[in-house]
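Student: Sequence:
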Amino acid sequence: MIRLLVGLIGAVLLAGIVHIVTVFGVPRYAVADPWAEIAAFGADGVFRRLPPAEPGKATALPGLDPAMRHAICRFTLDGGPVRIKATPGDGYWILELYDRRGLPVYGIDDRAASQKAVDVLIATASQVARLRENPPEELDDIVVVDWKDRGGFALLKIFVPLASQAAEIDAALATAECRTTVLP
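At position 125 of the sequence shown the residue is numbered 125 (our numbering), and the sequence of numbers has no breaks.
Read the hints as simulated data drawn from the structure, not as lab findings.
Computed from a predicted model, the values in this text were never measured in an experiment.
Check before you lean on any hint, since a few could be wrong.
[Said to hold, decoys possible] FRET-style restraints, in silico, Cβ to Cβ:
(1) Val26 / Asp109: 31 to 37 Å
(2) Ala163 / His19: 18 to 24 Å
(3) Gly42 / Leu162: 26 to 32 Å
(4) Ala67 / Ala36: 24 to 30 Å
(5) Ile9 / Gly45: 51 to 57 Å
(6) Glu137 / Pro51: 17 to 23 Å
(7) Ala58 / Pro135: 44 to 50 Å
(8) Glu54 / Arg132: 31 to 37 Å
(9) Thr59 / Ala163: 55 to 61 Å
(10) Asn134 / Ala166: 21 to 27 Å
Even glycine gets a Cβ: it sits at the ideal position worked out from N, Cα and C.
All chains, please: the whole structure from these sequences, using the hints.
Tutor: So this is what it looks like as structure tokens:
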């Protein structure tokens, strides 16, 4: 009887370990990760406007808010730091930065920004150190994000309070910049 009980406990523990390893291992081996999905929207280093989300319908990316307009930019830091500039206007906006796995790393919105324009520099620790050695004049107005990965993506969202303002917001998204910059 004791051998049967020990065998059952061992089997349950082994099954639990296998399940835990499987659950944590699946994201690592999944083919359709966010990095690959975003590549379908266009070239790296350029903001691409996403189609407007509609309530009850599938969206270009999961979880997009129908009350917002969205633009996405996939970037790598291999060629240097990436600078994101946009002028979203007076309404509510948010810029979210995600790593290659789709995990949120940084976010800033209109209330946290000291100005109406978005000006963010994403750089590795070594690139930030080089930047601090010879800082440009406008560095005080730039939000510098120390990035731990080789790449990621930025999602710019702007609230559309009235349908009549959608064209103006689309124009603001179209002028948003996301490009590799050269350090001084």
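Student: Taking the Cβ atom of Val26 and the Cβ atom of Asp109, is their distance within the range 31 to 37 Å?
Tutor: holds, 32 Å
Student: Against the range 24 to 30 Å, how does the distance between the Cβ atoms of Ala67 and Ala36 compare: consistent or not?
Tutor: Distance hint for Ala67, Ala36 holds at roughly 28 Å.
Student: I want to verify a distance hint. Is the separation of the beta carbons of Glu137 and Pro51 within 17 to 23 Å?
Tutor: violated, 39 Å
Student: With respect to the beta-carbon atoms only, verify the hint that Ile9 and Gly45 lie 51 to 57 Å apart.
Tutor: Holds - the Cβ-Cβ distance for Ile9 and Gly45, about 55 Å, lies within 51 to 57 Å.
Student: Is it true that the C-beta distance of Thr59 to Ala163 lies inside 55 to 61 Å, as the hint says?
Tutor: violated, 18 Å
Student: Determine whether the Cβ-Cβ distance between Gly42 and Leu162 falls within the hinted range of 26 to 32 Å.
Tutor: holds, 29 Å
Student: Is 18 to 24 Å respected by the C-beta to C-beta distance linking Ala163 and His19?
Tutor: violated, 48 Å
Student: Between Glu54 and Arg132, does the beta-carbon spacing fit 31 to 37 Å?
Tutor: violated, 46 Å
Student: Do the Cβ positions of Asn134 and Ala166 conform to the proposed distance bound of 21 to 27 Å?
Tutor: violated, 43 Å
Student: For the range 44 to 50 Å, tell me whether the beta carbons of Ala58 and Pro135 fit it or not.
Tutor: The hinted range 44 to 50 Å holds for Ala58 and Pro135, with Cβ atoms some 45 Å apart.
The structure shown violates the earlier hints numbered 2, 6, 8, 9, 10.
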